[in-house]
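Two chains, each in its own frame: build the complex with the hints.
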Amino acid sequence: MVAPPHGGKLVNRVASEKRRKEIRDEVGELTKIVVPKDIAVDVENIAHGIFSPLEGFMTQEDYTHVLNDMRLSNDLPWTLPVVLDVDPKEIKDVKEGDEIAILDERKIPIAIMEVEEIFKWNKKDHAKKVFKTLNPKHPGVAKTMKMKELLIGGKITLINELENPFHRYTLRPVETRILFREKKWRTIVGFQTRNAPHLGHEYVQKAALTFTDGLFINPLVGWKKPGDYKDEVILEAYSALIKHYYPKDAVVLAVLRTSMRYAGPREAVFHAILRKNFGCTHFIVGRDHAGVGNYYKPYEAQEIFKEFPDLGVTPLFVKEAFYCSKCGGMVSEKICPHPDQYKVRISGTKIREMIMQRVKPPPTMMRPEVAEAILKFEKPFITYS
Amino acid sequence: MSRGSKSKTKYTTVSIPITLYNRIKNLIQDTGFTSVSSYVTYVLREIVAAHEEAKYSEPYTEEDKKRIIEKLRKLGYLE
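Quick mapping for you: the protein sequence lines, in order, are chains P and S. Residue numbering for the first sequence follows my numbering, starting at 77 and increasing by one per position. Residue numbering for the second sequence follows my numbering, starting at 582 and increasing by one per position.
Treat the hints as calculated values from the structure; they're not laboratory data. Heads up, the beta-carbon is just placed ideally off N, CA and C, and yes, glycines get one too. Be aware that one or more of the hints could be misleading.
To be verified - In silico EDC-like cross-links for lysine to aspartate or glutamate, where the CA-CA straight-line distance does not exceed 20 Å:
#1 P/K300 <-> P/E181
#2 P/K85 <-> S/E643
#3 P/K259 <-> S/D645
#4 P/K259 <-> S/E644
#5 S/K646 <-> P/E93
#6 P/K108 <-> P/E166
#7 S/K647 <-> P/E258
#8 P/K260 <-> S/E651
#9 P/K85 <-> S/E634
#10 P/K324 <-> S/E660
#11 P/K85 <-> S/E633
#12 S/K655 <-> P/E258
#13 S/K636 <-> P/D386
#14 P/K168 <-> P/E193
#15 P/K222 <-> P/D114
#16 P/K382 <-> S/E627
#17 S/K591 <-> P/D151
What the hints assert, rightly or not - Coverage of chain S stretches by chain P, computed from C-beta distances (three or more under 8 Å per stretch; other residues unrestricted):
#18 616 to 628
#19 642 to 654
Just chain S, with the same shape it has in the complex (with noise of 0.2 Å):
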């Protein structure tokens, strides 16, 4: 967990320029945040992610659409 609980993560050193480093030591003050590294995760994990899914393409043929398309109508889901 980012915010203070007990964790068994291994963790690694990533480096960032001291000036950005400040700012978010700035940023974070009266937050949830505890530290400078735990809003770089939480903000690069959201980041990530989004990149990550933003790559995804449905994995089903055209066949298979007509398909379900059918299932769907029979069991009254489309018209």
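Okay, chain P solo, but in the shape it has when bound (with noise of 0.2 Å):
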């Protein structure tokens, strides 16, 4: 059965052509901010329902008890803010109640708010209960540090898409859902993921999709850090991946255009949400995730989840794997005796080394043609100057 929405209820917030023709005549009147491109992908995946139940950026009384207790001012599981920053100056002439227009970075209106609240935030707070540490050096600190003065609150409503570089990659959850219905898939596992595949990877899925109808591969496209693989090398390596070592009916490949927050345990329950939303009923929790650097204990977003009996997807949790000689395949700590001699551990940074000298990465660490899909990309890898 193709899970139900967080909260029970599959978040619509696009307007119909005739509203949006009234909007587009209002918007020359209204407050216009512009957004960044990490924020304007948020405005879409609220009005599409990736992020059900929220129907705009959170008020105050969200945002507090997300912040202290992972959980909305209604009770269901949250774990990160989803907050609007803004200056202001920019919104010297606007009060609770008004509407305003948000724009994209072309100056093109993507969406009006309904403003409920404006309010003063703690950036050094909000940081240590995200992240858990005020480093500067942690890319979601030293983000947060740079967000406007004052947050804006309320519903938001979708006037315009934004452009889409991978639209033939992008499902909204309304599409999922009937899609997983039609391929008539009872469990659906959610992968998420920033990084190319390798062998650790493709165990780990195909693990779960031995005990689950079908496995839905939704690869983060949007801001990551300088390192990290680019949007584009992911979806080739994952495609070539599919073609030549998946079942055919057995997958499906999208992606979820959002940013990382690089929050470890808070985004790995954030991620198992959104992809409830999209309708699977289980999601793949593995090592570290949307973990960086040493910040948080290699499986603490696992313990996390035992916090939430009421998330309504069920948490998937592996174990790191590796190569073992002596077992002559993919194994991992859980079912594999022998010892450190013949095991060859898979890391990424090794594999991302690798690929920098133009090297083919061994088949004990990355399929042939998954390397090959990768060395096709002149600079695989995000650079920001």
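Set out below in structure tokens:
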């Protein structure tokens, strides 16, 4: 059975064609704020129900509950704040109850917001609770500290879609829910990734697929830290893997357009909720999910799920996978009894180093077709100037 | 959080039979639960969520469904 959306209602905040025309006429009169790409994609995510039950950016009550209790003010599990930051100058004439227009970086209106609340926030408190550190080297902390002085909360209505380079791989929750039903899948396992797949990922996915009807590979495309794989590389690598190594009717590949927060355990639960909204009944949580550096313990992102008996999506916890020459295949520490001398650890960092030197990783780490797909890109990793 | 970390959640009182209270108190010994209240909250959340979500029905019409299936075919997700 496809999972019901979080909170029992699939949010739709996309304006009808008639309403869209009305709003477009009104936009000229409204205060306008321009938002960066990562906020703009989350406007779309809210509108299309990926962030159900959120209907807009958080007001203070929800924000405070999420920060302190990892639940919305209606008690539903929700672990990451979804907020819109503004400069006081941008909204100097705006008061609660007004409507404002949200513009993307091209200055095109993408949505309107019914302003419910404008409130101050404490960036350090926010960072400490969400990321469990104030270290400015943590990418989430660094990003938080650059955010603006005020938060503005209220429901949004989408009037224009963003440009989307991944249209071919973009599915909305209403579409995946129909797709899974058409495929007659009753159990669907979601897989979050920001990496090109190596043998460890494949092992984990196939282990989960053994006990479920379908696998939903849902790479996150959007803002990521330098050194991570570019979005288009991840998609090409997965396409190669699926083509050569997966049963055709058991896998769906589609993107999730949002930014990485690198919030480790809190983000793992957030990722699970988003996949539940796509219809997943299960969600894979591996080692150091959504982690960065050494800010979180290796399996902290699995431990946190104990707090949420009411999540409505079953987490599948997996241990680190490696190649064992004695077993003759991919295994995990849970099922392999052999000493370290037989184990080939699959290090994402090591694979990235090899790729950077244009060297094909060995087949005990990565499928040759996947490596070839990555090496077709001259610069497969993110750099920011 | 239900297991001992700092929370600003407000609480209210619900009455349960003292016999049930004692059963739960015995049950949660040497578990991660620090009080009968935290156990009851945990169990109720699980049950309430299941009941809430059981009421769900998909919001799309037959017309929406046909249109979406056509799109899924064009994108190669369905044959």
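Evaluation of the provided hints:
1. P/K300 <-> P/E181: holds (18 Å)
2. P/K85 <-> S/E643: Measuring from Cα to Cα gives roughly 18 Å; hence the hint holds.
3. P/K259 <-> S/D645: holds (17 Å)
4. P/K259 <-> S/E644: Holds: P/K259 and S/E644 sit about 19 Å apart, inside 20 Å.
5. S/K646 <-> P/E93: holds (19 Å)
6. P/K108 <-> P/E166: holds (8 Å)
7. S/K647 <-> P/E258: Distance ~11 Å between S/K647 and P/E258 Cα, so the pair holds.
8. P/K260 <-> S/E651: Holds, at roughly 17 Å.
9. P/K85 <-> S/E634: Holds, at roughly 9 Å.
10. P/K324 <-> S/E660: holds (11 Å)
11. P/K85 <-> S/E633: holds (10 Å)
12. S/K655 <-> P/E258: Holds - the C-alpha atoms of P/E258 and S/K655 are around 15 Å apart, at most 20 Å.
13. S/K636 <-> P/D386: Distance of about 15 Å is within 20 Å: holds.
14. P/K168 <-> P/E193: The given pair, whose Cα atoms are some 14 Å apart, holds under the 20 Å limit.
15. P/K222 <-> P/D114: Holds, because 14 Å separates the two Cα atoms, which is no more than 20 Å.
16. P/K382 <-> S/E627: holds (12 Å)
17. S/K591 <-> P/D151: holds (11 Å)
18. 616 to 628: n = 4 at 8 Å, threshold three: holds.
19. 642 to 654: Per the Cβ count (6), the hint holds.
Hint compliance for this structure: every hint is met.
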